[in-house]
Amino acid sequence: MRFRLNSPDVVQEVLDGEVIVVHLASGTYYSLTGSGAAIWAQVIGGVAEPVIVAGVVSSVTAAPEVVAAELRRFVRELQSEQLIVADASASPDAPAGDALPEAGTREPFVAPSIQKYSDMQDLLLVDPIHEVDPVGWPTRSTAAE
Amino acid sequence: MHRARDAAIDVAAAAAGDALGFFAAMHAVFRQAKEVAGERRSIGLRIAGRSVCMRFAGPALLPVLAPAFAHLLRSSAEPPDLTVCCWDDASTGVTTPEPRVSADRAGIEFVDGPVKLAWEPGQRAIAAFSATQRLALVRFQDAGAVPVWERAAPLRRILHWWASGLGLQLVHAAAVGTRQGGVLLVGRGGSGKSTTALACVGSALGYAGDDYCLLSFDDGPRVHALYGSGKADAASGARLPRLQSTFAASALRGEGKSVIFVEDSFPGTMIDTFPLRAVVVPRIAGDAACRLDPMPRAAALRAVAPSTLFQLPGDRGESLSRLAALVRELPCWQLSLGPDPAAAQPLLENLLRNEARPR
Numbered sequence: 529m530r531f532r533l534n535s536p537d538v539v540q541e542v543l544d545g546e547v548i549v550v551h552l553a554s555g556t557y558y559s560l561t562g563s564g565a566a567i568w569a570q571v572i573g574g575v576a577e578p579v580i581v582a583g584v585v586s587s588v589t590a591a592p593e594v595v596a597a598e599l600r601r602f603v604r605e606l607q608s609e610q611l612i613v614a615d616a617s618a619s620p621d622a623p624a625g626d627a628l629p630e631a632g633t634r635e636p637f638v639a640p641s642i643q644k645y646s647d648m649q650d651l652l653l654v655d656p657i658h659e660v661d662p663v664g665w666p667t668r669s670t671a672a673e
Numbered sequence: 004m005h006r007a008r009d010a011a012i013d014v015a016a017a018a019a020g021d022a023l024g025f026f027a028a029m030h031a032v033f034r035q036a037k038e039v040a041g042e043r044r045s046i047g048l049r050i051a052g053r054s055v056c057m058r059f060a061g062p063a064l065l066p067v068l069a070p071a072f073a074h075l076l077r078s079s080a081e082p083p084d085l086t087v088c089c090w091d092d093a094s095t096g097v098t099t100p101e102p103r104v105s106a107d108r109a110g111i112e113f114v115d116g117p118v119k120l121a122w123e124p125g126q127r128a129i130a131a132f133s134a135t136q137r138l139a140l141v142r143f144q145d146a147g148a149v150p151v152w153e154r155a156a157p158l159r160r161i162l163h164w165w166a167s168g169l170g171l172q173l174v175h176a177a178a179v180g181t182r183q184g185g186v187l188l189v190g191r192g193g194s195g196k197s198t199t200a201l202a203c204v205g206s207a208l209g210y211a212g213d214d215y216c217l218l219s220f221d222d223g224p225r226v227h228a229l230y231g232s233g234k235a236d237a238a239s240g241a242r243l244p245r246l247q248s249t250f251a252a253s254a255l256r257g258e259g260k261s262v263i264f265v266e267d268s269f270p271g272t273m274i275d276t277f278p279l280r281a282v283v284v285p286r287i288a289g290d291a292a293c294r295l296d297p298m299p300r301a302a303a304l305r306a307v308a309p310s311t312l313f314q315l316p317g318d319r320g321e322s323l324s325r326l327a328a329l330v331r332e333l334p335c336w337q338l339s340l341g342p343d344p345a346a347a348q349p350l351l352e353n354l355l356r357n358e359a360r361p362r
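Taken in sequence, the protein lines are chains A and B.
Residue numbering for the first sequence follows the numbering used here, starting at 529 and increasing by one per position.
Residue numbering for the second sequence follows the numbering used here, starting at 4 and increasing by one per position.
Derived by calculation from the structure, the hints in this document are not laboratory data.
Treat each hint with caution, since some may be false.
Label-pair distances were calculated between CB atoms; the ranges are [unchecked claim]:
#, chain 1, residue 1, chain 2, residue 2, range
1, B, Asp290, A, Lys644, 27 to 33 Å
2, A, Ser641, B, Arg182, 41 to 47 Å
3, B, Glu332, A, Tyr645, 21 to 27 Å
4, B, Glu81, A, Gly545, 33 to 39 Å
5, A, His658, B, Ala291, 40 to 46 Å
6, B, Arg245, A, His658, 48 to 54 Å
7, A, Thr561, B, Asp296, 17 to 23 Å
8, B, Ala109, A, Thr561, 30 to 36 Å
Restricting the straight-line Cα-Cα distance to at most 25 Å, the calculated cross-link-like pairs of lysine to any residue (SDA-like) are [to be verified]:
#, chain 1, residue 1, chain 2, residue 2
9, A, Lys644, B, Gly193
10, A, Lys644, B, Lys260
11, A, Lys644, B, Pro299
12, B, Lys260, A, Gln649
13, A, Lys644, A, Ser586
Quick reminder that beta carbons are idealized off the backbone N, C-alpha and C, glycines included.
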């Protein structure tokens, strides 16, 4: 399966090996660390899971089944938090990106980690923002009340 | 009055199409409001080197929206980069069409497209912006019911939309500094950024706002003051001895906070712009002494980005990129605030001296 960023509800930025992901509709935001930053770039780039696993396995000292299990857990969590969505339109030939370390420079595997922050949700609960379609924005005259 | 009501029926029909039609209809209502109210007033502002003209139909909104911008007043003779038309229905007698929204749906309705529109049912306020026309429309139902927080920081969404199109960023932050450089104080509400900024009033550090500022990025990150207001609740006011009596005397109160306009009480305190030397993230540290510690950039981005993005609809991907660029460019510090916020001011001055080297 391939995925893409759940835009426009989700925006993201990479900083010093950490991915900051903001879910604008839910009021939550996330920090992806460990191998999460590199894997995240591959996932939202539409790279298929087996290709990502192969890329990670070639660059770390961990067993393939360990990497595959961690990757599946990570992707499930990203999906469950609605940070990514399945992308049926992605090309089956989408190549692995360059976010993973070069094969041959094997390093210890650091499992991808997701830290969720909900401390801003109260702000959104008070004043949620509903993005609505510009066509046919219904109107009423206050004179008609 | 009858003339305005008759015209409003046509306006409502014209607005029934789409966002562009709604914008045109709103503009027509503003013109009606000017005719009906018999008042034509405008003020010129200088914001981040650009000319902004606020035009008011009727006298009611000017004293509500203008005080926060008093430090930015300039001659309105030059052609504006942005014109903001402001009116309220109650004092002008016009009837502005309103979006129809389910009564059980709280929050802000936002339309993004050729024009940007935001509808706040709680205030019955509409903000609309057309970048191509360099025109914004701001309508309140009743100038007398504009909440205190809006009076402290008016037109936030309009200024965000306009500024974003120019590559500028409205940010949920306070800022203090001198012409040579200053710091951006970031964090969610209650983190201590307002208290820290207000604690610097009367010191060598000028005040550029306690809640929202504008950032530009040409030739390095630079802050531009937007609002001359300062807010404090009773507990924070008590920790600001220089300002305590000013806050106590303020008639502008709401949701447990008092609002003052800093330049009114402390002339010469406001500073319009300065280059940024650091991002500082305050946190309330109880009884511990004030101290500054280096902070990871990603943690600083987590402090500044969500609270800005969740408040300001529109261009939020671009906003996050600009804020990430900001923390990449500047050193980031955590400010642990002790019981006396005034102790933060010498720490910040010292930080600025150390960061004053050419970057």
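Going down the list of hints, with the structure as the test:
The hinted range of 27 to 33 Å is satisfied by aspartate 290(B) and lysine 644(A), whose Cβ atoms lie roughly 31 Å apart. At roughly 44 Å, the beta-carbon separation of serine 641(A) and arginine 182(B) lies within the given 41 to 47 Å, and the hint holds. Taking the beta carbon of each, glutamate 332(B) and tyrosine 645(A) are about 24 Å apart, inside 21 to 27 Å as hinted. Under the hint 33 to 39 Å, the C-beta atoms of glutamate 81(B) and glycine 545(A), about 47 Å apart, miss the expected range.
Distance hint for histidine 658(A) and alanine 291(B): a CB-CB separation of about 42 Å, consistent with the stated range 40 to 46 Å. Under the hint 48 to 54 Å, the C-beta atoms of arginine 245(B) and histidine 658(A), about 42 Å apart, miss the expected range. Taken as a hint, the range 17 to 23 Å holds for the pair threonine 561(A) and aspartate 296(B), whose Cβ atoms sit roughly 20 Å apart. The given range of 30 to 36 Å is respected by alanine 109(B) and threonine 561(A), whose C-beta atoms sit roughly 35 Å from each other.
Distance hint between lysine 644(A) and glycine 193(B) is fulfilled; the C-alpha atoms sit about 20 Å from each other, no more than 25 Å. Straight-line distance between C-alpha atoms of lysine 644(A) and lysine 260(B) comes to about 31 Å, which puts the hinted pair past the 25 Å bound. Only pairs whose Cα atoms come within 25 Å are accepted, and lysine 644(A) paired with proline 299(B) is accepted, the gap being roughly 18 Å. For the proposed pair lysine 260(B) and glutamine 649(A), the alpha carbon gap of about 22 Å is at most 25 Å, so the pair holds.
Using a Cα cut-off of 25 Å, the hinted pair lysine 644(A) and serine 586(A) is violated, with the two alpha carbons roughly 29 Å apart.
In this structure, the hints that do not hold are numbers 4, 6, 10, 13, in rising order.
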